[in-house]
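Chains as they are written, first to last, in UniProt numbering: chain A, 1 to 265; chain B, 1 to 325; chain C, 1 to 259.
The hints are all genuine.
Residues from chain C shown here face chain B by an in silico Cβ test under 8 Å; the list is partial:
| id | residue |
| --- | --- |
| 1 | Leu5 |
| 2 | Leu8 |
| 3 | Leu95 |
| 4 | Ser96 |
| 5 | Val98 |
| 6 | Gln255 |
Just so you know, the hints here were simulated from the structure itself, not pulled from any lab data.
Note that this is a predicted model, so its numbers are computed, not measured.
For glycine and all other residues, C-beta sits at the position ideal for the given N, C-alpha and C.
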Amino acid sequence: MARYCYMAYLSFKSSIAYKAEVWFGIFTSVLTLSIQIFLWKALFQYGESNVGVSFDQMITYFILSTALSLCLINSSVLDEIAKDIREGTIANYLAKPYKYKISLLSKSLGRIFFSLLFVIMPMIIISSIFFTIQAPHSLVSLLATILISICSFYIFFSIYYIAGLSTFWFMGMQGAIGLLIENILRLLSGALIPIWIFPKWLYTIASYLPVRYGFDVPISIYIGRTAGSDIVKGIAVQFIWILSLIIVDNIVWRISIRKLVIQGG
Amino acid sequence: MEVIKVENLKKVYRIPKRREGFLNTFKDLIKHEYEDKTALADISFSINEGDIVGYIGPNGAGKSTTIKIMAGILYPTSGQVTVNEVIPYKEKVRNAKEISLIAGNRSNLYWDLPIIDTFELMKRIYKISDKKYKQNLDLLSEVIGIKDLHTVPARQLSLGQRMRADFVASMLHDPKIVYLDEPTIGLDIVAKDHIREFIKTVNSEKRTTVIITSHDIADIERICNRVIVIDYGKIIYSGNIDNLNSEYNNNKCIMKIKLEDKAESFNLEGFDVKQVNDMYSISFERKKITPSGMLNLLLEKGYKIIDFSLTEPSLEDTIKAIYEK
Amino acid sequence: MFMHLVWLNVKARLQYGRSFVYEILTSMVGYIFEFLAVWIIINQFNSIIGWSFFEILFLHALGYFVRATASAFLWRPMWLMSDYMQRGQLDKFLLSPVNSFMYIVGSNFMTYALSHVILGGMVAIISIFFIPIDWTLLKALLFICSLIGAMFIYGGFIVFSGAISFWTVRSSFLLRVLTEAWSVINYPITIYPRGIQILLTFFIPFALLNYYPTVYLFRQPGNSNSWTMILILAAGLSFFTLVYKLWWYGVRKYQGAGS
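Pulled out of the complex, with its shape left as it was, chain A reads as follows:
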């Protein structure tokens, strides 16, 4: 256990070396956030369409979404697995898939913690100078939001994990895969645009995907769009998703390993 905490700590520490990355991260996130907010402000002012929420709520939506994106949508796990496969070091973990997954998780957590402190915090502080973030709908909402967000970390991790292993079959395509996944995640999770304004068919697709638990669900709860029994339903379904993903993870791992052994590593 201590070993993995140390891994997370090392991950955290090595991120500090990249000061430029920090500045860049803050800059990009504030920029993207601002563009989104101004766009929607114009949309609200110009068109008469019922989006179901007020503009102020949308501001909060986007601030939270930006913060969560920095945590959840990150292809480091994908890149790392692809590298391990390419260099063959993944063979070390043949017998211990558990350990591999957990070490990846720990490193990821280290990075996220670093982002939280040095990128997300500054980003929120800077944004709050120009935009106001609303208070959560209720204490219950806040707790539910936090719970669901934390759990959704595993969902996103899992997706990147599976994608990383898929590079076994798609050698050299990790860039394209990462890009594709990033785009899908951003769109269908509600990070870019709230999924409740999607056209019917797209909404249906999005509602059956686990990724909405990263953005749509927790943020909807926070701003009060979802409440009561729906919250409980959400947590339950998310739980089922996480369990399913753990199973799928392991299956994919086993298939990958078999391929590795056959190839001869």
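Given the coordinates of chain A, assemble chains B and C onto it according to the supplied hints.
Just chains B and C now, kept in the frame of chain A:
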């Protein structure tokens, strides 16, 4: 005929000073304090057409600074440099057409493409006429031995082959002066020989002036007719290579002899003799007695020599002594 | 000589022909999702402040096109400036009898950008068909003028980032900022408050790249007319010339001139 004339050349670099201490680091961020580093103190020399000059000195002595100024890519602090009657850093283009700079550890070749493509590029850059291009390409490729490699991409060539291709690329425009920076670094013995022969051939056929910087003393020994030694930004020696050894009192010869009668005691007055297994090692100064003189002396004394070897004063020792001063 | 150099680069890249197709496909993914997002929004709001779907698409694509064309020539050489300086590889370029700037630029043509040039151009042209414009020869000519000006403006920013590395370190950081920052003009700048609009028009003139030419083309009456187009061309050429001189100033300083 003088091609290069360097007079009182001085080059001082302004380097930002890194200061210790927390407060000073902060000050450094705002405004740097500079300190002057003198790379070239006051150097003067001249080089004639057709010379092959070994420009040597320990690392940091100022060699590359001098070469860069002569090539026109660095401005001096003060002093005069004329190359082919042109001031290189003032008339860069005119100068560039007559010179060539080949560095052993940096290739000019396009990595992924057949080397002929790089050659064609050079043709366009230096505006070489079709006729001259073909002539030089064939001649150089033939002499240096890469005639069959024209269509091979650079990345598939060995280091030796790449160096040779680099040479061809850099000589297509018939430069009058060629600067070589560690041209044989990393090459095997055969490849080194090839390069050295090539340089000598080009020099004799086209009267190309060559200036070599190399840490491989054999390079200098085999092909240079002149040596200029620089250290701490000052010229320490400039003259013929033959005179270098005597100039520095490095005249020590060592002759090893094997006598027919091994038991015989061996004694030579006035000379330092050591016994190594069944051979005797005699050290003597060339100035006092030449090797042939020594042999005669031994024969006169009636020694029956069945085997001997001679080690002449080495350039390497001389240079080492210079560097260490 | 310059075009020959560029051709050499393309030739080298084409050796890996398959990967070029791969690059186009990868870029397409980004485009598809971006346009999907625009479509979703317009589906809900009927337009983006009065701009139709294809008009927005055109705005986007034009931006990509302008940016990619300038980047294809200038991005990589400027990105490498810091590297070249640190490793002493700048000497080779300074030594040749040809214009060092052209030599460095020509040697580092970025074929990857071509995928965006092609895609951006294609999307722009396709969108044009769906937008009612009364074309006149003058209009077309002025539009092209502004495009050229736009490329020089963006190119000027790229070269500026490279020139700066003669004084401070790492042009790469500024270049990354440039690449990101420009997404502000993916939507018409009228969504921003007046202050930012002025900033984007006069101080960090990204809006000159796609917004004003587009308004001129089919969003009249607007704040862009024939003179604006010519202004963009003039601004582009003069800005680039200035930056070009700055670059040379940096080179001479690097060579120790005047010290």
